[in-house]
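Next come the chains, spelled out residue by residue.
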Amino acid sequence: MPHRRIIILGLALSSLGGCVGTVDEPPWRPGGNVEPPVTCEEGREDPVTAPLTRLSRDEYEASLRALVGDATVDAIAPALAGLPGDEPEGEVAFGRTDQRISPQHISGYYAAADAVASRVSGDRALREQVAGACAADAVDETCLRSFAERFLRLALRRAPEGGEVDRAVSVAMELDGFERLHAVLFTTLMSPDFIYRFENRGDLRDNDTVIELTPFELATRLSYHFWGEPPDEALLLAAEDGSLGSDDGYAAQVDRLIDDPRADATLIAFFEEWLHLDRGPFSSSPRLDVLRDGIATDGLAAEMREEIRDLIRYELDQGGSWGDVLTSPRSFARTDRLASIYGVEVWDGAGAPPLLPEGERSGLLTRAGMLYTSDGSTNPFRRGAFLRRSLLCDHVDPPPGDLPADALTPPPVVAGQSTRDAFAAKVVDEPCRSCHAQFSPLGYALEPYDGLGRYRTEEWLVTTMGEDRGYATLDLLTVPRVEITDETPTMGAVELSQRIADSPKANLCLSAQYFRFTFRREEQGYDRCVVEGLARRIDEGMSLRDALRAIAFEPGFRRRRLEN
Amino acid sequence: MRISKHGRRLFLTGAGGAVLALPWLPSLLPRALRTKAHAQDPVVPRRFIAMKTYSGAPVLDWYPRNAPSGYTTHSVDGTVALSTPLNEPTGRHSNGMEYFGRQAPLSDFAGTGISNVFGSGFNAFADQMILFRGLDFMPGLNHNHGGYLGNLGLNTNGTGGEVAGAQINCTIDHVMAASQSVYASTPSGPRVLHVGSRVNTASYAPTDPSNVLATGRGAIQQAQAFVNPRAAFDAVFGTAPPDPMGSGPGVSARLVDRVIEDYRRARDGSHLSSEDRQQLERHIAHLSELEERVNRMDALMCNPTAPPMIDTGGEFNADTTQVTALFDNLVDVIVTALACDATRIATLDITKMVVNDGGDVFGMGDSENANSAGRDNWHFQAHEWNDDAKRWLGLGATWVAQHVVLRLLEGLSAIREPDGQTLLHHTLAMWSNELSFNHLNYSIPTVTFGSLGGAVRPGRYIDYVDHDRPIRFRQHDGSVVEGVQFNRLLVTIMQGMGLMPSEYERTPGRGFGETQPVGKGSGFALDYDDSNVGQILPDIG
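Protein chains in written order, with numbering that gives the first Met the number 0: chain A, 0 to 563; chain B, 0 to 540.
Isolated chain B (complex conformation):
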């Protein structure tokens, strides 16, 4: 057994001392989420992590298609149909008809894994997960500078700059990072830890202050993008990482092997049935898995070790070992930065992924250049959309989920905050996409993990698509039909992080980002309820 004689006071207890000095007053929260916050421990800060993938998503791989007992499937695409309405309506269409999203416990789908992308490895996090369907960008946004975080008015250069007449915003990570509700004092690390496999504007703040949303706010400085984990680490911790004082999680972690010994002794005891012994064997196996996990996390817990310098090369043809190492280390830097409370907001820009096609392993990279033919060009394959492309894109998304996202979740869930809850509980980790299917932006595949300290209610598959509406047309397995404005997710996140609407709204009551379907013709689905676009998502808390 490894037991250090060098007593460390619990980092998180120690850090809690600093945290206690920070205001987290429920009374300052917007009314919509204030009640939820009152029920929570007031001392633990909330964190936000955003992850983005690119170039259209294989939407059918994201959502459940194996119908458990009691469920049916949609005839149009074979995805599972939900029947339980949410407790709050999405809104009313122009004909006055009120419509509701639907929900189901994610645990209902655990038997076969939630979906191709969210396989059985996610069962352990199903109670912390919300799988969203039907979150729609309003304007006709194409490849973009952070649409998933609210910059809904600016296409990337390759697809034509501004959406005519649309509002351009800095992304909400920047808005939140500038708020006193998130940082009452200057954090030791970056206000936004913006990392990824490409220097990009998924986390975006325009340099021209006149373009910035901010009500009464000056320009917000663009967060620096880090593509090398060592550089990101140095930005968080400088050259002299904090010397943690304390014991705590480390003590228990180092005692697990002694506990396992007790179980082995019990298993070998007399007069037990074979069933009893099997039960104890299972217990031992799970304890061993736990031991490995908590020891890795103990090493991460504000006891940071500098990661290596990693260069994953150009846009395509990345070395898959290097890509894997890059994301392992970037995720660990994020977890450590949040665990040490050096920063509370992080974005992870995922422009590269690994595909394992029946043992044929290769990397794919995203690029604005869609014309460079090759299986390593993510963007090109998204346009190809033949059987190979669909399979590769699905496998790539699955790798992102099962390697990058799961690693993040294991890290966040292994760290306990002073209130006894996990860091994951106090975090909202969102994975969303640049676009949905093809170049369209209906039902952006989006998933969140954690509950922002109890502000949102996870454990659910929520489908906001109004399946009673006519499908205007279909492309790449996706349907153009009304769901709910993506803007309401942005409002939910910002209010959950403690911001008042006055901190992010240009016009009172109008929420955040472009809310009108500018750039979309009459052939699109357009009939949303504009009156509640400034509100949080229905039945989310």
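So here's chain A without its partners, still in its complex pose:
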């Protein structure tokens, strides 16, 4: 009889809803926002519900590149620029979860398909490259059919089905000359099977409640998941010859995919988006002009972001865990100015990365790329809310809508008053006080770093107009409540990083975030079993890379539950 466990993941993942209570009594309601308990049985296959999926903006472009080549896609970049980016409504959602379809999307798809079709059909060399030598000087039906069979297989990511090639050719043959080629290209690039991923062609099982992905659908899911691209020829062949359907064949393809550099790029993209690494450059402002104290900030933000990418790549390559990322004592600064901010030697990108000054920094949260702001100021509320929401996956209510006009304005800089004290004074009364107790202490713990990511033992106060207001003492003692009932204080960010790394929340949140990235939606119902299972493996010592690989071996990855 299978072992049965009841887990209540809602408690761990979204327990901070509702801003009531006092600071002394944690303001959140343990158990609030909890979804109904889910029964997870070991060995049970819990197919993950995956609705029709629209290709993300990046996937769409990558798919075009795979079909018609980089030069053609580069040439139509202006047309492609009209396609909206993926911007989900939720603050912590991944861009690829944005499945909305708007008139701008349709116009963008149209412009891109039209531009590709016009360019390829109007250029002899491109016609030969894309459609074959037979299309160089004329396009007859034989040539067109041959092209359509090949092009549809690649564009639709499966073997063309009955009538699809015939329809494409018959429409095109109503036109003249190279317009025929234009027609096949345009209608294929506009087709639902190119713009969307359908997973509805497989066999039904479990009383028609579950559908097996076809080998082509599985190949497509794998390739977009690990590479952000359509399946390559090897994957398509594995789908066609059936080898992808065997456990060994499947594992071999997963290993091939994740060992490819393209998988690293996707994994880095996951972390970049999750951690909001793209925070823009430093901007010119009177405050930054003073605070930077001679440091040139042009391009500095990009160097900081690259250092975080290097940290993650390093731990992926070294078999490190998520906890290792959170507590790594090594610097990956490759430039003089970033290394000087850390007080270390420049890393050459090959040898052992130098160690960070002990006691000053440790792990991801203390990297300049996580700490800088465009004008050099610090905002402990934002820092804290980010950690609470994104890194710990706790829910934090947004500010109420009826606040006074200046409630969300940062406090003015006053001589002798630290940023922490100034911010804390703004929320000393209800209704602010109890909500802020959820996350502000996490932000206070990062105050040993200024808005350029420099370590400091006292705070230099500079106003928005660049006026020097002297120095203030830093108070590093906080009660971060990583676990909601934990009242143990920490002293500074190094301790906080270790506290977070030691918390089961860190791995559970990583698992949940990766689930959302993989399946493009919030987990619900049985999904939470997948998340919990992945987190458990990480808790047991699985490396970061293996953990991210493991999701492809969840039973639900290969199946889809049908709507009732």
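Not one of these hints is a red herring.
Computed from the model, here is a short list of chain B residues facing chain A with C-beta under 8 Å:
no.: 1; residue: N86
no.: 2; residue: L254
no.: 3; residue: R257
no.: 4; residue: D261
no.: 5; residue: Y262
no.: 6; residue: A265
no.: 7; residue: H270
no.: 8; residue: H282
no.: 9; residue: H285
no.: 10; residue: L286
no.: 11; residue: R415
no.: 12; residue: H424
Where chain A lies over chain B, by a calculated footprint (3+ residues, C-beta under 8 Å):
no.: 13; stretch: 273-279
no.: 14; stretch: 287-293
To be clear, the hints were calculated from the coordinates, so they are not data collected in a lab. Computed from a predicted model, the values in this text were never measured in an experiment. The C-beta atom is built at its ideal place from N, Cα and C for all residues, glycine as well.
Take the given structure of chain A and dock chain B to it, following the hints.
Quick look at chain B alone, frame taken from chain A:
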């Protein structure tokens, strides 16, 4: 499905052959915008369209007043306050204090529509739009002959001729039309296509050459004004419209219905959830909208059909159906003329508008005669400024935006240039006003669409008003307070179109048009930074 067996080579590809022969060399651009131009495709010409409305504007209807999350409002008028400073300062006041304009992404306001005038229909163009606040005419100009295009020294006859001591200019559309940077060779159509609902001098060139700005340039001939779309069409295309050679946009447009069939087939497939089917339904609905649009634009694309003769009658009491038809056809003539590259500069003088006041539909016309009482007298109602007048003027401006301007934008955005970008991308379409509030000219309500081929950076609400300065006084919902000189917008447009300062400056470094507050007393806001009046707008590119 409609598929023509008569293959047409792409007009725009065909026209591109001619376009390729035209010089558009980034190295010839003024330094300020040269870097931007280098990043762009060098073969597509840039176009400029100017639209003007009249008699003071309902300024509160132009600007966002519903504050999205994270924004506050100005206590003085309830408009949304912006907090993000531009990356370049506007300048320094006489006390040495540097001041900055503010900006916000227009997409932030999409939830409720950008403003009363720019409702949700503009969300689709928000990324191509710049909504400007704080562009100020320097001299004490009243009703005028094209102040919005730089003739800042000449009031209309009804309000007294020249502004004493002010510089009189021809308008910048004429200056640009005379430039080799815009027309390296004589275009097939008018250098300036000047159309509208009244023969007017919104596009202006004085007949006396001694009055003309032009450095080393002779007199510039006043562009002919057309108030009948058929006459304008004939001026652009003559009696024998060009026979377009080519296929292209037309091929794709005629295949959209086949694509829709594919989506219907997919929607009806098995094992999809209701959510999946709804998604595909939405896709189909948007495709159908696209099909209608591209087919209309395909008909416009240098495959021109002569519009009807339309006469909208006198100044007031215009037949609203006729007014609507007039502007539909004038806009289509402009789009077609630009798409065919018969002309690159157009002005649209909007002296009539339609008001729909809860189902009561009537026309309003502008006139220099402010004394003819009636709801159809735009000018009179602008002076009345009671609740009815404010509502009607707001509704009229909304009609202009949502009927005239949107039609223009749909046309420009549906036409693709040889580089794959839209005609709108390569255009700057500006809508501005004769005056701001009442007879004053602070913060002239102005909006632009397109990016002049990448020379300007759209998608933003930019407020140049220095809200830290004291408001000298208020009238008709507007505040007299310093923003930035309107002259800098004119410089931005001309440099974006490729002109060198020497082509438009009387005095090196001084930009274009009257730059001094002549005719304004000490009670006005006067403290601008005169040292940079010849430069482009701050942080515009």
